[in-house]
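Student: These protein sequences, in sequence, are chains V and Y.
Just so we're aligned, residue 1 is where the first sequence starts under my numbering, counting upward by one.
Just so we're aligned, residue 1 is where the second sequence starts under my numbering, counting upward by one.
Rather than coming from a laboratory, the hints here were simulated on the basis of the structure.
Among the hints, erroneous ones may be present.
Intra- or inter-copy, both count: the list cannot distinguish identical chains.
[Stated by the list, open to error] Calculated cross-link-like contacts (lysine to aspartate or glutamate; reagent style EDC-like; alpha-carbon spacing at most 16 angstroms):
#1 K155 - E202
#2 K199 - D164
#3 K18 - E104
#4 K114 - D87
#5 K198 - E113
#6 K90 - E186
#7 K152 - E202
#8 K198 - E158
#9 K198 - E151
#10 K152 - E194
#11 K198 - E156
2 protein chains.
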Amino acid sequence: MNEKGLLIVLSGPSGVGKGTVRKELFSNPKTTYEYSISMTTRLPREGEVNGTDYFFKTRNEFEALIAQDKLLEYAEYVGNYYGTPVDYVKETLNKGRDVFLEIEVQGARQIREKFPEGLFIFLAPPSLSELQNRLVHRGTESSDIIASRVEKARKELEMMNLYDYVVENDHVELACERIHAIVLAEHLRRDRVEARYKKMLEVE
Amino acid sequence: MNEKGLLIVLSGPSGVGKGTVRKELFSNPKTTYEYSISMTTRLPREGEVNGTDYFFKTRNEFEALIAQDKLLEYAEYVGNYYGTPVDYVKETLNKGRDVFLEIEVQGARQIREKFPEGLFIFLAPPSLSELQNRLVHRGTESSDIIASRVEKARKELEMMNLYDYVVENDHVELACERIHAIVLAEHLRRDRVEARYKKMLEVE
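Use the sequences and the hints to build the structure in full.
Tutor: The following block contains the structure:
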């Protein structure tokens, strides 16, 4: 009878505070999402547990998984692979639990291709509101500063193109509230509720 | 620079508790929606103020407004017209404020036709969850009762077809929280945020 969970993908420009927002979300007991465990070829550090902190794999194992299309996304940093194993994500979603992923924009783009039904949230720097203030109070700032802000805003605008929602990270608590609201609202979409209803009535 | 407000339409089967949910929403100071004032041909009762409780009109005035397509929806009850004036709604939305309407399903259907971009929320009785329990614990109830519940669920399912979201009215406070989450999430949809962003950058 259980409905499938949602794949929640939080991404955004580097430095926007994705990690801070994720930690705040998971320190809240009302957060019921499962955090997606990454897979890596780097060696476990002291105290790290396989299947809790990471899924630790050899380079050969990781490359075999790439070849078998078993990663939602992956990338190589400083000689080690990091990726998101698709089986863990799918099994958790099938249990009816929401899975939460915090990831760089490149990884988010790979996931959108393989998992278009995911819920893609763009964490935006407060530059939109800042820029608005700057434009309103122009004259107090050099036109160079304004021009560079406009350029930055244009880049962010291009980046957010593949996302479903935009959450401004002006305050981490507010950003978390907005993410919770988005996830709750998504669960209440008529097409989801209707599908659950229909499935129940089919049994009759 | 202001973005247009959202037209929030709350509807659902009669007896589901729409009025109770609306009163609870508007007793909460964090609710920032404007309540849409209805228009009627019935005479004002003692203490009722034109433009606050209702817009009071004569039958001729009301019928002229119908002819001019100035009502988002209307109906006749016991010899009096009741309707939603479109000008008030549009002016409020243009000020960037969300407008909230609590209305019967027939009226909601008329509004969906004239204002498809509205946010349509179906308030559902807790019969879905109840039915699920009944089906799980079947054997403790007569098959007649279950059959009538299944029939009721089928009708609700048909009714919710034109809505964007379904909110179960199991507890009025929970229903209000869900409505707030839906409205907040809608404001964060990428296409809305992006449009605001773009408008700002166009000025440059």
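Student: To test your reading of the hints: which numbers does this structure violate?
Tutor: Those not satisfied are hints 2, 5 and 6.
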